[in-house]
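Here are the chains, one letter per residue:
There are 2 protein chains.
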Amino acid sequence: MSRIADRGAATPAEARAAFRDGLVEPTSGWSRGYAQANVLAIPREQAFDLLLFAQRNPKSCPILSVLEPGETTGPLLAGGDIRTDVPKYTVYRDGEKVDEPTDITGHWRDDLVTFLIGCSFTFEAALQDGGVRIAHIDQGVNVPMFRTNRECAPAGAMSGPLVVSMRPVPAAQVADAVRITSRYPAVHGAPVHIGNPDELGISDLGAPDFGEAVRIPEGHLPVFWACGVTPQAAVMRSRPPLAIGHAPGHMLITDARDSDYLVP
Amino acid sequence: MSRIADRGAATPAEARAAFRDGLVEPTSGWSRGYAQANVLAIPREQAFDLLLFAQRNPKSCPILSVLEPGETTGPLLAGGDIRTDVPKYTVYRDGEKVDEPTDITGHWRDDLVTFLIGCSFTFEAALQDGGVRIAHIDQGVNVPMFRTNRECAPAGAMSGPLVVSMRPVPAAQVADAVRITSRYPAVHGAPVHIGNPDELGISDLGAPDFGEAVRIPEGHLPVFWACGVTPQAAVMRSRPPLAIGHAPGHMLITDARDSDYLVP
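Residue numbers (the UniProt record's numbering), protein chains in the order written: chain A, 1 to 264; chain B, 1 to 264.
Isolated chain A, as found in the complex (with noise of 0.2 Å):
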């Protein structure tokens, strides 16, 4: 297992450095007070039309920074490197999940453009610190995301469903998960759904696409959250010839603080 006894205390740079290292788990909870993300790598000939479907659906797709063409570091990982330093990647060739390793170096191209966008594991430290406790990171699973019956706005050959991820929220605190995380919109902010998830086509809270299920307690209201795992969707149907996500739930941990995204 990892060196790290608190992984709430790891700076960025540490839990970086033990995901390049090997250790392989999601990072919800991980070095609190700085933001995470969801990463998706593309090769320049597509890059415009990712850019532009994250243009057109800031809600699950708020850009935090873009690498050019085979950069594989930024001002948001400092010392750090893309294609090691995030705990598990999904390979997809021609849409099709074919790997999950824990480092990308051998489907590195030099043209490829890497998205680094918000994810909502940011907005988890002020939940709690609001007294919203986070049922995932109680149970110790992975936060449960599902494929909705939304479409996101199309750009060039770029479509797909809007993701989201679900927390459960008790109906007497609904009201402050909503005030604290519309506070960061780079980070997907306030949710997009409360409470009914036939409306967005989910038969199964228990049968998530993406992540683990939770259990829902009693006078819990399951509350969603637009979810970075978005683009990835795009990927599957669009059909690119090469893309690299990040494993859902196994985000980057930047050196960018919670608090850089909070708005008044």
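Straight-line Cα separation of at most 20 Å, EDC-like style, residue types lysine to aspartate or glutamate; simulated pairs:
(1) A:K59 / B:D260
(2) A:K88 / A:D209
(3) B:K59 / A:D260
(4) B:K59 / B:D260
(5) B:K88 / B:D209
(6) A:K59 / A:D258
FYI, nobody ran anything at the bench for these hints, they're computed from the structure.
Position chain B against the provided structure of chain A, taking the given hints into account.
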């Protein structure tokens, strides 16, 4: 001259039709209550760099909409045509201005991607409603715009200086002007600088790089807002084979309402 008697009362469709029919004049004060947009069309091959440049410089290049390659209309200009509906255009080849036509049909290519970028004319009605007079409207001239000594964040081949528009504001109303315009981040938002043009590398307020000089009344401070001509300055520096923008101050009048871009 125009068939339109009251420019402020013209609907966006009427304004676009007047420009399509050959009217040429700056658009400040037109179609009160509707958003205006900077226009820049660039070949698909250079569009990723421009989109990334805009993403990295949101204050000067806030994207309202991007038309897909070859598209000439879109939801912000219902029934319109981006090739004819702007009063005057600037055509660049290899970064050099080669034409200032009132119609770009002859320059059009099917691989051109058109960016519509927020324009500070959009918040001028709100400034007026707040009691702040607009000097260039009162003086009947185009707004003055200046290249500054501030570099934008580059993206791929695209780099250039920040361009600003300048409006003189009475000292007692500068705070009002900040407060009012900060509520419109999608159309440049709050000023980038107040009061000292030297710090922006502007040596002579009477000699703007684009638009026309305005007289600065006694007791007024020059207030500078980021300007959507910034990507055209990047085109001049970065020299893509073809780029077509609006002529500075001669904007696209869109169907979006100013209030669509108002934040709380």
